[in-house]
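Visitor: Letter by letter, the chains look like this.
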Amino acid sequence: MFGAPLYNSADTLPEALESLLSQTEARLAVVLVDDGSSDATPEVAASYAALDERITYRRNERRLGLVGNWRRTLEIATELFPDAPYFAWASDHDVWHPRWLATVTAELDRSPEVVLAFTANERIDASGDVLHLRHRAAYDSRRHDDAGRRLRAACRELVAGDAVYGLARVPALRRAGPFRHVLEPDRLLVRSLAVHGHVVEVPETLWYRRIVSPYSRGRQRAAFFMDGTPLHAPLPAPLVHAGLFAWDLGVRGAARPAVPRRQALVLAGTYLWHATAHALEPPPGKSLTKRRRRARKRVDRRRDQLRRARRSTAKRIRRPVRRARRLGGGLANRLRAAGPGL
Amino acid sequence: MRAGPGEAFSTSFASRVEALREEPAFANYLTVRERVMEMKEREADLADGDLRPSDYWHEELEGFEYMLDASPLVVDKLRHHTYHLTGLRVYEYRSQRDKHRRALAEKLEALRELGEDLAVPESPALGGFGFEIDGGLWNVDTLKFLECSLALRRGGVLPALVERPGRLAVWEVGGGWGGYAHHFKTLFPDTTYLITDLPEVLLFSATYLMTVFPDARVRFHAPGDGAAAFADLDEVDFVFASNTALAETRPARLDLALNMVSFQEMTTAQVRGYARHARELGCPWLYSLNRDRSHYNVEISSVGQVLRESYWMHEVPMLPVSYPQPLPPKWRKRRPAPAPERYKHLVGWPRLHP
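Just so you know, the sequences run in chain order R and L.
First residue of the first sequence: 1, per the numbering used here; consecutive thereafter.
First residue of the second sequence: 343, per the numbering used here; consecutive thereafter.
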């Protein structure tokens with residue numbers, strides 16, 4: 001089943017919904033939960049729900065924010081379809097290839113050790129055209145048996161923004177703790193899932209991610225916390241995540257027996273170290289040396305500007321002094337020439 | 343008395359022409375021409391403005407009117423005359439053109455890395471030409487066909503078609519000289535391939551395909567023929583239909599509709615009509631390789647936008663350059679940004695509620 005949290009997406013929702021309804025996999029349910037949109041999103045969602053019985057539409061009584069609505073969507077979907085083994089969050093502006101669900105379902109059916117499967121994607125703009133060419137190896141954690149190594153790989157290599165829209169096993173999702181009230185909750189979720197089992201990316205491009213605006217922590221803060229910013233919000237996300245990790249695995253024992261409680265602190269440390277290292281890495285496609293070179297150029301340019309400014313200031317100061325001297329000198333000469341009688 | 347050198351040439355030439363006249367290729371041409379003339383006669387009775395070729399195509403058609411009365415020599419070198427449709431000329435593939443050959447070989451290698459199994463070289467039949475690379479003839483067109491098949495695979499269409507049980511039914515709007523039909527039919531022989539085109543263009547595609555697939559079962563469809571040509575599609579390999587018979591082109595099943603480099607040369611109404619027709623026929627996939635608009639065609643707004651009225655179209659990125667261009671140096675390291683005026687591989691599925 002798909003759960004789509006909606007918010008002000010009337011323009012893109014028809015395409016997103018039709019791509020979900022066009023799935024070749026017949027066993028399909030779509031749960032739409034609107035979080036108090038102010039545009040025509042409720043009308044669009046209601047009209048599709050009236051046309052297709054596979055769609056269930058709900059509207060929150062009050063605004064829950066992004067995190068709250070994601071959690072609410074999963075809650076409603078699992079209440080309505082308690083026997084559904086798999087769940088995927090669907091974005092209200094992305095597009096799924098008709099074979100997406102069949103492909104990832106086959107992957108989960110085939111491999112019981114996999115808890116989350118997603119496909120390669122292309123970044124598209126508003127009109128559906130590809131933004132840039134992306135060629136990278138598909139992520140597959142099955143090369144690591146150990147939970148610690150899987151967590152390390154998830155922190156360093158897994159693109160959480162892609163993986164979080166994958167198809168997950170519902171029990172694993174529950175154990176991992178779906179979408180916490182923290183910044184970058186998608187990272188925390190997919191990294192937690194990596195401890196509970198394997199995460200696999202199918203190399204076929206069957207999903208189109210529409211890029212509306214670039215990632216921003218400020219925007220996350222504004223969209224996530226409707227009831228005021230929590231105390232931990234100013235802290236670095238990896239630190240908060242590591243704390244929750246230690247709580248989940250060490251105190252709650254969420255991943256037992258695969259991960260015993262005593263291993264929790266080690267995993268929390270692994271999380272903190274690698275998530276911090278990942279956060280400090282330059283964005284993909286830009287090497288550190290390039291950035292440094294660019295920074296050096298910027299510094300050089302600034303230094304030249306300052307030097308030029310200093311020179312022109314000095315000139316500006318020196319010029320009247322010289323003129324004054326010249327004037328002064330001329331006057332003295334004239335006085336001298338006028339002789340002692342003056 | 344001994345014949346002079348000029349006379350000897352005339353005799354051998356005449357005997358060669360006569361021999362070519364007896365070849366199956368010329369017999370195929372005559373069959374096709376007869377059906378094309380029939381299509382043209384019936385077409386004259388139609389007054390539908392939307393079916394009229396765009397101004398661009400009107401000029402193009404005048405350029406190869408001679409194909410309606412082609413000699414056996416022309417038919418024997420049919421591929422040398424397809425430059426009217428593709429712009430590719432034989433002399434561009436002479437052995438001295440090493441730079442062009444290197445560029446083509448590099449692009450072929452890049453495409454083969456993406457999917458060697460979909461590579462189909464040009465057939466040497468009917469004057470097939472290209473650079474000989476690894477024992478096959480390769481030219482810009484054959485690379486384009488390979489790139490299109492790779493895009494269809496990458497766009498999730500070929501895997502869906504392969505999973506589908508039974509014989510495939512593919513509809514190509516504007517089949518050109520039949521190159522992609524040859525490519526697709528070689529890869530997937532269990533396919534019924536329908537081509538809708540201007541009757542004059544069918545002179546190229548139908549003659550070519552009937553010659554390179556001598557055992558193929560072929561049907562023609564002219565306006566007013568009814569639905570007979572599209573009945574029992576499993577019993578036929580190729581159906582050639584006039585563009586003016588679009589309303590009657592109603593196969594019982596269609597698995598893929600495609601167009602390469604000719605939607606951009608049509609009018610908005612024509613492109614809209616084809617996309618709507620494919621959707622009405624329940625075709626689950628539409629593929630297009632076109633620019634949004636040809637530089638020479640002012641009668642269309644944007645191919646992508648028009649197709650999106652009936653299908654949800656999405657671009658499938660392939661190589662960083664459009665199909666006619668060579669790869670830039672060091673393209674693997676420095677991938678150039680997609681050019682706005684590029685040929686786009688678009689794959690789409692039907693809108694449920696257009």
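It cannot be assumed that every hint is accurate.
[What the hints assert, rightly or not] Listed below are the simulated DSSO-like cross-link pairs for lysine-lysine, each with C-alpha atoms no more than 27 Å apart in a straight line: (1) L:675 / L:441; (2) L:382 / L:419; (3) L:441 / L:672; (4) L:419 / L:441; (5) L:382 / R:297; (6) L:441 / R:297.
By construction, these hints were calculated from the structure, which means they are not laboratory data.
Visitor: Look at each hint and say if it fits the structure.
Guide: For each hint, the structure was consulted:
1. Restraint check for residue 675 of chain L and residue 441 of chain L: satisfied, since their Cα atoms lie roughly 22 Å apart, inside the 27 Å limit.
2. As the CA atoms of residue 382 of chain L and residue 419 of chain L are separated by approximately 24 Å, the hinted pair is consistent with the 27 Å bound.
3. Between residue 441 of chain L and residue 672 of chain L the alpha-carbon distance is near 16 Å, which keeps this suggested pair within the 27 Å criterion.
4. Note on residue 419 of chain L and residue 441 of chain L: the hinted pairing holds, with a Cα-Cα distance of about 26 Å set against a maximum of 27 Å.
5. Under the criterion of a C-alpha separation no larger than 27 Å, the hint pairing residue 382 of chain L with residue 297 of chain R is inconsistent with the structure, at around 69 Å.
6. Of the supplied pair hints, the one linking residue 441 of chain L and residue 297 of chain R is violated, its CA atoms being roughly 39 Å apart against a limit of 27 Å.
Figure legend: structure checked against the earlier numbered hints; hints not met, in rising order: 5 and 6.
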